[in-house]
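Engineer: Starting from two chains that each stand alone, build the complex the way the hints lay out.
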Amino acid sequence: MSNQNVQPAIKSYFFGKGYGDLGRTIASSWNLNFESAKKFGEKALEYFRQGRSSRWYYFVAAGAGLAALSVVLFGSLFFMAISALHIAVLGLFFLLIYLSFTMLWGTDKLYRVKNKIFTACPVCHEKSELPVYFCPKCRAAHTNLIPNQYGIFKRTCKCGEKLPTTFLNGRSKLEAQCPNPDCTQAIDTHEATPVCIPIIGGPSVGKTCYMFSSVMELIEKIAPAKGWETPFLDGKNKAIYDQAVTNFENGIAPLKTSETTPTAFNFFIKSKKWSPDKILYFYDSAGEAFHDSRELLNHQFYEYLHGFLIVIDPFSIPELLNEYDQLMKTNDGEIRPSQTPLEDAFDRMLVHLEKNHNIKREQQVTLPCAIVINKIDAFNLEERIGHIAVKRYMARYPEVKNFKEAEDSVCKQQFKSWGLGNFLRNLDQKFKKYRFYTCSALGRTINTENQHDKFQPYRVVEPLLWLLEEANKDLKK
Amino acid sequence: MGYYYVEDTGDVMAKFMIYGLIVFAIVMAIYYMMLISLAIGALVGGGNAIYNYGVAFVRNVKPDRALRSSP
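So the protein lines, in turn, are chains A and B.
Position one of the first sequence corresponds to residue 45 (the working numbering), numbered consecutively onward.
Position one of the second sequence corresponds to residue 295 (the working numbering), numbered consecutively onward.
Bound-form chain B, shown alone (with noise of 0.2 Å):
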């Protein structure tokens, strides 16, 4: 197999770069987690601030009031 191949020739780089890189994938799993997790989180936390913003832009300005008295 491989792996004892690899062992076998005693190639240390080959077997860090291995390692190397399922710690890579991980890192970068784990960053794209992050990132993904970030924006379904502003995705989450912003789309309720803004619904919330225009909930109560809706509710404290209105239209009929702004033109009671012309400018």
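So that you can see chain A by itself, here it is in the shape it has in the complex (with noise of 0.2 Å):
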């Protein structure tokens, strides 16, 4: 056993401890044999030698080194006769033992690969099946808390407290951290199962902004309807949002995210539908991170999203931006259009996907990906790939029934137009389930009359939540 794997408990009588026993009992029996024949042996000389002052001796002599004799042959059969019986009865209880460790070792790990649950840390990103608990008396650091050598159902820590060791009887209840030994990350999830979604775009293409307003509407609308309860994961994400929720109401919008290497910003989704409760995991990194594909080394949480979102800002690609320039130029509006080109962003995730997490170039990605055309408000965009346009792609061709397959339609048409036929290849290529969507994440552009006026964003949602069902089908009900 690995130093790691010692743990500060007390390892369980069946696991160690009892062979021990039993050896040691076996051992100690064979030498007090050993020292009775030794004695009646001794016995027997010393009566031999009072044989000359007394006849009478030499039969109790004879008598004792009779008895030696029965200690050395019969002793041995019947210790070697009990040894047996020990080793059974001792080995059918252990065995009714280990049989009922490995049932409930096995429900353990079973109902944590049923549920999808392991811990991702929103930090570090480290991810590991179980983060390391803590004694509630003693604060003591316990790794892979199951049922093992160290306890079966319980654990019993070095102070003496007893922990938990499976699901069932509230492991996830203890004060846990990120197993990462360079990270000290407190892992408050309670063994939730995780939905971790990256959100993907260049700088200044809104996906700070995206992600509050659908997160906004999905906790103030969407879970109400459904029945959900969103509590965040802990004080800190509850204080982000507040303050995001507050930025929205002034008219402020979110600062620029700085991090390249984002924490997670993260609440639970619960319901009676559904046990255990689901955390979701953001990851909103700034858009900085896809101009250098070193920089997505950091980016561990590629190894166990559940989804892709991605972010575009329509006036990013240069065919619309030049459309739009002189408009835009004279215009009071604030539109700030991202300088890093759509395609370069994409083949950059691409890039580090195929070299960093075993995704073949050939291979393609089954996670759901939502492609978010944000700022849709602008100009006369909603006309030209929004809705408008879909309602009129439909009328146009009455054979289409379905509006998500419009929208997609229509917004890849407009993306062959604006000349990324590229970009819409190798979507096609590496993701087998993507959708179009377009949203307006602030709800308007930000000019001099209006810059405190409430933000009222449109249509943010939809992508948020067809993103989610498709990662996790319990958020479908």
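For the record, the hints were derived by calculation from the structure and aren't laboratory data.
Note that the structure is a prediction, hence the values are computed from the model and not measured.
Think of the CB as a built atom: it goes at the ideal place given N, C-alpha and C, for glycine as much as any other residue.
Among these hints, one or two may not hold up.
Calculated lysine-lysine pairs in the DSS-like style (CA-CA distance at most 27 Å, straight line) [to be verified]:
#1 K521(A) x K477(A)
#2 K356(B) x K61(A)
#3 K356(B) x K206(A)
#4 K476(A) x K158(A)
#5 K448(A) x K435(A)
#6 K202(A) x K356(B)
#7 K445(A) x K477(A)
#8 K316(A) x K153(A)
#9 K265(A) x K317(A)
#10 K160(A) x K477(A)
#11 K404(A) x K476(A)
#12 K55(A) x K356(B)
If we take Cβ atoms under 10 Å as the criterion, some of the chain B residues that face chain A in the derived model are [as the list claims (entries may be wrong)]:
#13 V338
#14 A343
#15 F351
#16 N354
In silico negatives: residues of chain A with every beta carbon more than 12 Å from chain B [stated by the list, open to error]:
#17 V50
#18 V167
#19 E173
#20 P180
#21 I190
#22 D226
#23 E264
#24 I284
#25 E332
#26 Q383
#27 R428
#28 Y437
#29 K476
#30 E513
Structural biologist: Spelled out as structure tokens, the structure:
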């Protein structure tokens, strides 16, 4: 056993100590037998020596000698028989214990595999089966708190406190920490099922705005309608959300994200329709991370994510930017087009996936991918690629009955006309399941007149909801 | 005396039977003595072994140790 697996706990009697006791009992019994035989032998010799004084001593000496012989002969036979019986009884008892241990270990493992439970650190992104749990009494750190040699149903800490070892008896309620030795982040996910969504896109495409506006709608409108509860992972996440809500109310756009390795934004989704709870992870990194694929190396969450959310600023498409260039100069509204070409950010993400996450060049990613075209409120984009355009398309092609299908077709057509055929080909090759959406994360452009008006995002939650439902089927309920 | 009578009659078979019975009785006596000796030996050796095993068990398998960590 490696030192890492040595726990500050008392080993279960049935995994080590029991065998030790058996071995010691057998050895000790053998020694006692040997000592008894020796004692009788010595007495026989002593009485034999006294035989000169009285012949009766010879009889006594013979009796003691026979007793010594009996102890050697019969004692050994009985010793072997009792030892065999002891081994058999203990073996049977241990077998029952091991069977119950295996069943419990298997149930715990199966529960975690079936519910896709793992621990993802929101800060360092380390993935592990379980976090490090702390003893509530002495705060000793316990890793691998599952049924094992330190206890089947409960583990006894060195301090004497009993810690639950399965999901059945409340392990998830213990205080926990990220198992990465360089990270001391508290993990309060309580063994909920993680749903991890990175928000991808270059700088100024509106990733943070989109994340908060869609989360706000999810929490304030969708969750009550579906009967979900959405508590935050901790006070820090709640404070971030509350600040974002206040800013949106006052027309203040979120500050530019500076972290190229993001800390996840987390909240739970609880419902009576499923157990365990879901915990959402949103990774909103600074768009600069997509300028250099080396920056993406720290994005370890690509290893375990559940879907992709690509936010596109239509004004990062050179053809479109050229079309609106004059209008943008004369318009009071602040568009702040992203300077990173859409294809560049997308290609870097693909290269990162291929290089660092064992996705082969020709391999298709089965995870869902939502492509969100943001800033649709600007100019006449709604008529060109938004819902007005989709309705027009459906009127022109009555055979297309599905609105979503029509929206995808309109977006693809427009992308082709804007010279993004290569992007569409890459998308087709790489993603098995993807959908286009159009939305406005702020609901308006910011100008001098309306700068303190409340933001009114629209159509922001649909992509997120589709992605969540595809990532975890329970969320469709 | 019967002995002479037997001698006189020359009944070798009867003589043989008496000697045979004596030998048989001796063999049986030895056999039973051996059995008794073995039984005593087993009682002494076995009893001692059982006692020793019990002592070793009590010394080495402490119930409190077994219960310190619950399964």
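Engineer: Under the criterion that the straight-line Cα-Cα distance not exceed 27 Å, is the pair K356(B), K206(A) satisfied?
Structural biologist: Holds, because 21 Å separates the two Cα atoms, which is no more than 27 Å.
Engineer: Hey, does V167(A) actually stay past 12 Å from chain B on C-beta?
Structural biologist: Holds, since 34 Å exceeds 12 Å.
Engineer: Per the CB criterion, is A343(B) less than 10 Å away from chain A?
Structural biologist: 4 Å, holds
Engineer: Please verify whether K316(A) and K153(A) have alpha carbons no more than 27 Å apart.
Structural biologist: 23 Å, holds
Engineer: Is it correct that the beta-carbon of D226(A) has no partner in chain B closer than or equal to 12 Å?
Structural biologist: 32 Å, holds
Engineer: Taking the minimum C-beta separation from V50(A) to chain B, is that value above 12 Å?
Structural biologist: 15 Å, holds
Engineer: Q383(A) clear of chain B by more than 12 Å, beta carbon to beta carbon?
Structural biologist: Holds, because the least Cβ-Cβ distance between Q383(A) and chain B comes to about 62 Å, which exceeds 12 Å.
Engineer: Say whether it holds or is violated: P180(A) keeps its Cβ farther than 12 Å from all Cβ of chain B.
Structural biologist: Non-interface label stands for P180(A): nearest chain B Cβ at 17 Å, farther than 12 Å.
Engineer: Below or equal to 27 Å on CA atoms is what counts here, so check K356(B) against K61(A).
Structural biologist: Judged against 27 Å, a Cα distance of about 11 Å means the pair holds.
Engineer: Find the nearest Cβ of chain B to the Cβ of K476(A) and say whether that gap is larger than 12 Å.
Structural biologist: About 47 Å separates K476(A) from the closest Cβ of chain B, which puts it past 12 Å; holds.
Engineer: At 12 Å, judged by beta carbons, does Y437(A) keep clear of chain B as stated?
Structural biologist: Since the minimum Cβ distance to chain B is about 67 Å, Y437(A) lies beyond 12 Å and the statement holds.
Engineer: Are the Cα positions of K160(A) and K477(A) separated by 27 Å at most?
Structural biologist: 21 Å, holds
Violation of the numbered hints given earlier is absent; every hint is satisfied by the structure.
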